[in-house]
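Novice: This is what each chain is made of:
There are 2 protein chains.
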Amino acid sequence: MKPIPTKDDLLNARQRIEKYIHKTPVMTSHSINELLQCNLFFKCENLQRAGAFKMRGATNALLSLSNEELKKGVITHSSGNHAAALSLAAKTFNTKATVVMPKTAPEFKKQAVVNFGAEVIFCEPTVESRVNTTNSLIEKYNYTLIHSYDNPNIIAGQSTAAWELFEEIQNLDYIISPVGGGGVSSGTCLACKYFNPKVKVIGAEPKGADDAFRSLRDKKIYPSINPKSIADGLLTQLSELTYNILSDNIQEIITVEEENIINAMRLIYERLKIIVEPSSAITLAVILEKQVQFKDKNVGLIITGGNVDLNKLPF
Amino acid sequence: MKPIPTKDDLLNARQRIEKYIHKTPVMTSHSINELLQCNLFFKCENLQRAGAFKMRGATNALLSLSNEELKKGVITHSSGNHAAALSLAAKTFNTKATVVMPKTAPEFKKQAVVNFGAEVIFCEPTVESRVNTTNSLIEKYNYTLIHSYDNPNIIAGQSTAAWELFEEIQNLDYIISPVGGGGVSSGTCLACKYFNPKVKVIGAEPKGADDAFRSLRDKKIYPSINPKSIADGLLTQLSELTYNILSDNIQEIITVEEENIINAMRLIYERLKIIVEPSSAITLAVILEKQVQFKDKNVGLIITGGNVDLNKLPF
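First to last, the sequence lines map onto chains R and A.
First residue of the first sequence? That's 108 in this note's numbering, and the numbers climb one at a time after it.
First residue of the second sequence? That's 108 in this note's numbering, and the numbers climb one at a time after it.
Wrong hints could be hidden among the right ones.
One copy or two, it doesn't matter: identical chains are merged, so the pair holds either way.
[To be verified] In silico DSS-like pairs for lysine-lysine, Cα to Cα no more than 27 Å straight-line: (1) Lys-126 <-> Lys-404; (2) Lys-247 <-> Lys-109; (3) Lys-198 <-> Lys-404; (4) Lys-327 <-> Lys-314; (5) Lys-419 <-> Lys-203; (6) Lys-198 <-> Lys-402; (7) Lys-247 <-> Lys-203; (8) Lys-300 <-> Lys-247; (9) Lys-419 <-> Lys-247.
Since the hints were derived computationally from the structure, they do not count as laboratory data.
Pulled out of the complex, with its shape left as it was, chain R reads as follows (with noise of 0.2 Å):
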């Protein structure tokens, strides 16, 4: 197992890649306070460079390899936020990212990582494909492997969008993180276990795709298989890595069913009048099932991206 990120490597993280990424708003809604008897702080990471946290863990995954490793350049497999946000990252620091991407992947998502300027290269929508495609690329190119989650220094990035947020608001109850493969989630305990231990962390993830709520139930991990949502960032699963972070330090996940993220969505466009995916409402879809639970506590969502392909809204 890849070794658990220190307090140390936190507080590194942040000193390194302050400088290129937004230290992004939080947002409140009185009206959805009043809907909901909550105290809610949406920690807006739609907002953030690239659209998504995933710039927090690139940039410090990118700033943590040798001057030689960069040059040689990085490449991922992923189709996207990741791979988005390491793109720029890579542009950023005048070095070359390749992704690789099953040849099925929907063109919005590719366009994004193009305009950022890294190659892509397709593969068969299998994970022996993708596997394989990224080695051979490896081995004949040199360049670093950057995972998007199982990654001490991506997870160490990610962990200071919880950071900021329990700095800007303080006396917060709970902040509740989605979960897909648990790079954020992972990295929201890490800086509440480290900075602000009084604070609990929720993940949220869909019904559909419960992979994690069920892998921390029986204390295995489950692979995620036909995982079925509209919250297309949370259908990967736990690493080693990311499992045991999870199990020692989240309070518990709460998962939702599909209809609540789509009102959740909804309420966030109408009443914050910002653009976020399915994969970051589902945080307020919890609110939205467990109303009683949350009732008059002072809660943080990690609000992670924005990148929605606008002609498929599902409303």
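Could you slot chain A onto chain R? The hints should help.
Specialist: Coordinates of chain A only, in the frame set by chain R:
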């Protein structure tokens, strides 16, 4: 003609409303700047209370009333953002707002007003019915009419959006403001005239609702007859007051194609990740249409509001 707001009127308005409104953020987008070759500063009044700059004018108008007038309640005829803002402001100051609305107004607009606690009175969708209905209510209940733009206190309130913008962003060359009835554009002109005369104010109007453009060109107020534009906040005509302020102070009005309004709206959704109305996106549409004119300039855009029917997005 009603009196043109003085420098003191603006100073008083700013001080008066400060604690009742949000100081909205100014957003920028590296990628939009790169694409359009200029430096754009989006003054996000879509994030204002009640979702639009109208909250500024409505608050100032109510705070300008005597206690007796305030107690009797206020009335307006509008189906748009002014109605919602006046309703919320009235709620804030514990008085009653009545809104006269054509019975053909969209349900979601009616709902916004009702949610803020105002009484909605429906009239036929004609000017005559609207005026008669409003006047008979004023006669009966002694309400004070708060017109959405033909009112110096409203204009003084609206001026504070541009004022905050050029205070925060030094060295603006231009501020672009949408032009409907001329409330926010007049306020923008006066803020610049009194406090930052180096900034040139540009008006943005749909080609399909270009009555203000023609009015300034031909030096007489044209009525807005059968206007056609997706920018539903910009279909009204100038009053004598706003005509006079604009004709003395605005640099020019630029009219834009519908297609560019929609393209600009999409660009804002995709890159800034915020929800804006077509009537706001028109300011960016001006840049899309006149790239040469604004090349390398620092341009402030008044993003007036974010109240859209999510079921009817144009993409």
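Novice: Determine for every hint whether it applies to the structure shown.
Specialist: Hints, verified against the model:
When the C-alpha separation of Lys-126 and Lys-404 is checked against a cutoff of 27 Å, the pair qualifies only between copies, where the shortest distance is 25 Å, while the shortest distance within a copy is 33 Å. Taking identical chains as interchangeable, the C-alpha atoms of Lys-247 and Lys-109 lie at most 27 Å apart only when both belong to the same chain, with a minimum of 25 Å there against 77 Å between chains. In the homo-oligomer, the alpha carbons of Lys-198 and Lys-404 lie at most 27 Å apart only across protomers (26 Å), although the nearest pairing inside one protomer, at 41 Å, exceeds that limit. In this homomeric assembly, Lys-327 and Lys-314 come within 27 Å of each other (Cα to Cα) only inside a single copy, at 18 Å, whereas the closest approach across copies is 63 Å.
Taking the shortest alpha-carbon separations for Lys-419 and Lys-203, neither the intra-copy value of 31 Å nor the inter-copy value of 41 Å comes in at or below 27 Å. Taking the shortest alpha-carbon separations for Lys-198 and Lys-402, only the inter-copy value of 25 Å comes in at or below 27 Å, while the best intra-copy value is 45 Å. With identical chains, the CA atoms of Lys-247 and Lys-203 are at most 27 Å apart within one copy only, with a shortest distance of 15 Å there and 73 Å across copies. Within a single copy, Lys-300 and Lys-247 get their C-alpha atoms no closer than 41 Å, and across copies no closer than 64 Å, so neither meets the 27 Å cut-off.
For the identical chains of this complex, Lys-419 and Lys-247 are neighbours neither inside a copy (38 Å) nor across copies (50 Å), given an alpha-carbon limit of 27 Å.
In this structure, the hints that do not hold are numbers 5, 8 and 9, in rising order.
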